[in-house]
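Peer 1: Protein chains in written order, with this note's numbering: chain A, 735 to 1503; chain B, 75 to 406; chain C, -7 to 151.
These aren't lab readings, by the way, just hints derived from the structure by calculation. Idealized CB from N, CA, C, for every residue including glycine. Any given hint could turn out to be false.
What the hints assert, rightly or not - Here are the computed distance ranges between Cβ atoms for each label pair: (1) B/356 <-> A/1435: 32 to 40 Å; (2) B/372 <-> A/752: 58 to 66 Å; (3) A/1343 <-> B/227: 54 to 62 Å.
To be verified - Examples of chain A residues lying across from chain B (beta carbon under 10 Å, computed): (4) 785; (5) 848; (6) 850; (7) 1162; (8) 1166; (9) 1420; (10) 1429; (11) 1491.
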Amino acid sequence: MSNLNPDTNREFDVIGKRIPKLDAAQKAMGRAEYIQDIKLPGMLFGKILYCKYAHASIVKIDTSKARALAGVHAVLTGQDVPKKMKMGFYKDNPPIKKGKVCSFRDEVAAVAAISPEIAKKALDLIEIEYEELPGIFDPEKAMEKDSPLVHEYHKSNVLKLPWKLHYGDVEKAEKESDFVVEEKFTTQWVTHCCLGTSGAIALFDSNDNLTIHTNTQIPSLAQKDFLESLKAMGLENKRVRVIKPIIGGGFGSKLDTYAYEHIAILLAYACRKPVKIMFDRVEEFKATSTRQPTVIYIKQGCDKNGKLTFRDMRMILDNGAYTSWGATTPSVMMMPITSLYRVDNVKYNAKCVYTNNTYSQAMRGYGNPQATFAIESTLDMLAQKAGIDRVEIRRLNRNQPGDVTPQGFKISSCGLSECIDEVEKELTIDGPKEKGIGTGIASLIHVGGGARIYKSDGCGAILKMDDYGKVDIFTGGTDMGQGLDNITAQIVAEELGLFVEDINVVHSDTDVCPWDVGAHASRSTFVAGNAALGAAKKVKETILEYGSKLLDADPKNLVLKDRTIFVLDDPEKSMPIDKLLRKAHFSPQGKMLMADFFYDPDNENMGKEFKGNMSVTYAFGAHGVKVKVDEETGKVKVLDYVAAHDVGRAINPLLLEGQVYGGVVMGLGYALTEEVVTKDGQNMNANFRDYKLFTAKDAIRIKAPVVETYDEYGPFGAKGIGEPGCVPTAPAIANAIYDAVGVRIFDLPITPEKVLAALKEKKSATTKI
Amino acid sequence: MRLPKFNYLGPKTLDEALDLLDTYKDDAKILAGGTDLLVRMKKGLLKPKVLISLKALNELSYIKKQSGFIKIGARTPLADIIDSDLIQKEAKALFQACKKIGAISIQHFRGTIGGNILQDNRCHHYNQSDFHRSGRQACHKDGGKICYAREEADRCNSTCQSDGATALMALGADITLVSKSNERTIDLADFYTTDGIMPHACESNELLKEIIIPVFGAHSSYQRLAYRSAIDYPIVCAGVLLKPSLKNEIAEARIVVGAMGRSPLFLAQISSSLKGKKLNDTIAFKKAADASMDSSATFAVHNVGATLEYRCSMVSQMVFQALEQTAETIKA
Amino acid sequence: MATNISFLLNGDKISYEIKDHWTLLHLLREEMGLIGTKEGCGNGECGACTVIVDKLAINSCLYLAIDADEKIIETIEGLASTDGTLHPLQQSFVDNGGIQCGFCSPGMIMSSKALLDENPKAGHEEIKHALAGNICRCTGYVQILDSVEAARDKGGQNE
């Protein structure tokens, strides 16, 4: 580990320690309760009927037979959904569709019954007459004038979204460039594949207040969505309580609310009983959202020395039939486009286009992997054209602390250069070549200190201490397996001189936890961490105040350590913290120690020109990979992988490595094997056999060197690391394949057949010459 | 995901099982390991009224060598085959094939060799959920008149992706089928109907009892291509058998290509073209491999994931690798 | 049809009236309330439902409950000691970061246990092979493999 800041050599008791995940033992024993495991008294089972066409008018729905079936409590169709009940930020998605359907995942009816079997049987009894309409599945074709419209009322398939920026003068810079590369890239649909499928249980109390147990990464924003649904249902001024069970994987999939959650609410209200909707694996594949697929046109140039002169990118995004966060991924794509390496002249525009395909959502990296694939692939091509070493061009153009990028990002700390060093240390990028073996490198920038894409980027924390020296901290942040519970506990324990086991982290219930914008943008360690730290500091102040009285010492001379408060220059003078707490409590006008803190980072909303310091700090990294390409089959084998990340400070190296390893392998799937295969809008591989995740047998050893830059704004110097691991994987692989066998693949995933076809084409081109 | 209702019958002897099979015929399915059958039932591809379990029939689980033949009971778990020195030495292609099937916890302990041979043909248009299939006209295999894999095809083009069958056919295996009133032993190659809907020539009252592999001084190899190292069916596979003469020439050859057609494809003509060739005649191997590609390409349709072009070109690769590997073993 | 079966579950003798079409997973989870065994796919493709039957790791979603008659069955609930001490494999998964979201963990641990019970010296490749049917989306398998290797190297000293 390299440490760039000599002032940070302070010894910590808890920070920087490999403390196992706090809930790991529960999980290892099979005691953790996921939504799958929760049963409520009197609970009914909801099921959703999906449509059978990618695009069709609903001529007639007859639910009478389903209603007549014994055990059925409610049957809903689009007619039963209040007009204003619509999901997504574009508000184009009613939870049950009416009049027409626009994709295979469209919900057309829902049932609640006393058993899942009866609910399924009831669905089979619903008779629907459709009139098929011509579908449109290619976003570029959907932009053509005479293309069928997905939503007639929208008048165009192109969404009215503002993704456009131009800084500097790209046209001029292009003219003045010595070398220019221009290419087209395409990226596919991939999906989160959380091992625990989606589900929710909704129930109303006698005053029509809603409680919903649901898998979510955004308890507070989900609460807002559900409140809006209640309002649409005519339930004004009601309360919504969101309870999040332990989540079987998130990765962005739970960043928006889904139709099944709103349907569970409608059914629960119709029956006045708890209703549970639980997805099976096929439903999980077909009815949850994917990573945003893209068509990318890119032009990049440099001068004769290799200095980047401009970057010009245009994208077309298949929006699918409805709009969720996938359509906003350009806001994050802008980050690598404007700010990965120093480049003064940048232009970008993206169009999101309605099609009759599935719609996309947030997924780890949020658009960054797509953009970085194009940027880092063409950077290698540019280096080759300019005759400059691949590593050298990256060093030459690297971001540096103090930079302000064209988009207005203020780079506070930056370990990109050190990350490249680490990659080179672990892997010889430009060594002697063996046949079929090659290396590749690619870098990344990502938000590491929050991301102000909502009105608030804040997170609240409430901390209370009991008479025994134990802490309960209620955080707005969400743990979904990544380890925010540990980060919170470690920060609080360090600050208050306690042990991690003294800290109970509550992060699962909007009735008791304060507001947070959600577990996204790799923001939780930074934002929720700072919130917890803020609350701990406030309590610490009170402890020191009491300590100063009880120990008769200057508060500045007091230290909290090992559950004890003592005087720094007279350590004999000390008191156990729990004793201090009791003394504070059981005295006249007694006091229990509590504090709250709301941390909203000092970052900026991007204005109309998309300028502003979106994040307080930025995370950097570089990945290096060595591959072997089988020239007979086109199969690519990863031999060695190095993922070096600037993390500010590693609060918990064990969990940090877990984020990097997991991110890299998710990135490898994106690069090599994963794809949601569709045929005219229909998902054709909705199972783990045909959707090719890496198996343990395909697993590789990964080196994950950590670069600590100690960010001045991060809690104990930390930055976010949730997403970066999967960002530069695909271009690193593509660059390594080119290095190995001289073919470049522009279309993800890089399957053996694409490699082989490219090799054949190359061979025939050489023979012609 | 729940199974549809059925009655479970657990005969204690083979005769009892055959009696039951004779009574229920098409209403019954034989349950061995269940790793293929139960998945199909969960997807609603099959709705048998009864399952006749072979659980108690230990008499169908054995691997033995008997007068020049290896005999394998149909209910033998794949794990036993992988662990068998006899199979490793004398029927290497089968060993290699079984090792590649599924994943250890799924197929190896539960999956049986009989089940692997009898696994139904697959097609990514057919192996879908109930609901997916209900949203369109039924395909041939689903009882309809359409093929989604090949436009205007008047028959089902599903593909046999059995690793075991491809290897066994290369080994020249026979199989024994028994019913209440009859027992017959046939060449495995004759077991296939070339009908994608009902790929196996097995009467509804018949049960696969035994696999018989001749041992006659030949060597074999099995090669397959899949995207992953586990939980994957082959997108192309090849089994090869070569018997050397005293002069170290090829006295007999068998090339079988799997995962391309409705059954494993035994390429008799191409196989015999190798007769008399030297064991190090790579040019002859390459020629045979290319011919195998041309020959099997006519059977294949785009229905198991990878593109058809790719799968075809990989036939040549797999056959060539299998030939080379077999020749290497002989030389060693 | 209903049938009565008896089996040994985590050392306890159990007698249960089951239906023919129940899977072992259904019996454990839905009927007996043993939520530790997870359903990730229902088709034997993910391994979340792995339990040990007569020393072999199997997918309980493709194993009929009726076939559990007379068998010795181990599930994740049976691994820790009654005094709360974790099984060395469980402890190793905890200590080495083998658990993130935790949904694959019970199955992963059961597959590992079946392997190490059979072969306490299993090598890296053997471990990868034994876990090939257990899908994990969080860890990239790195720390899971570390966990199993660390447990193997300790050789059950915690027991």
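Peer 1: Can you list which hints this structure breaks, lowest number first?
Peer 2: Structure breaks hints 5, 7 and 8.
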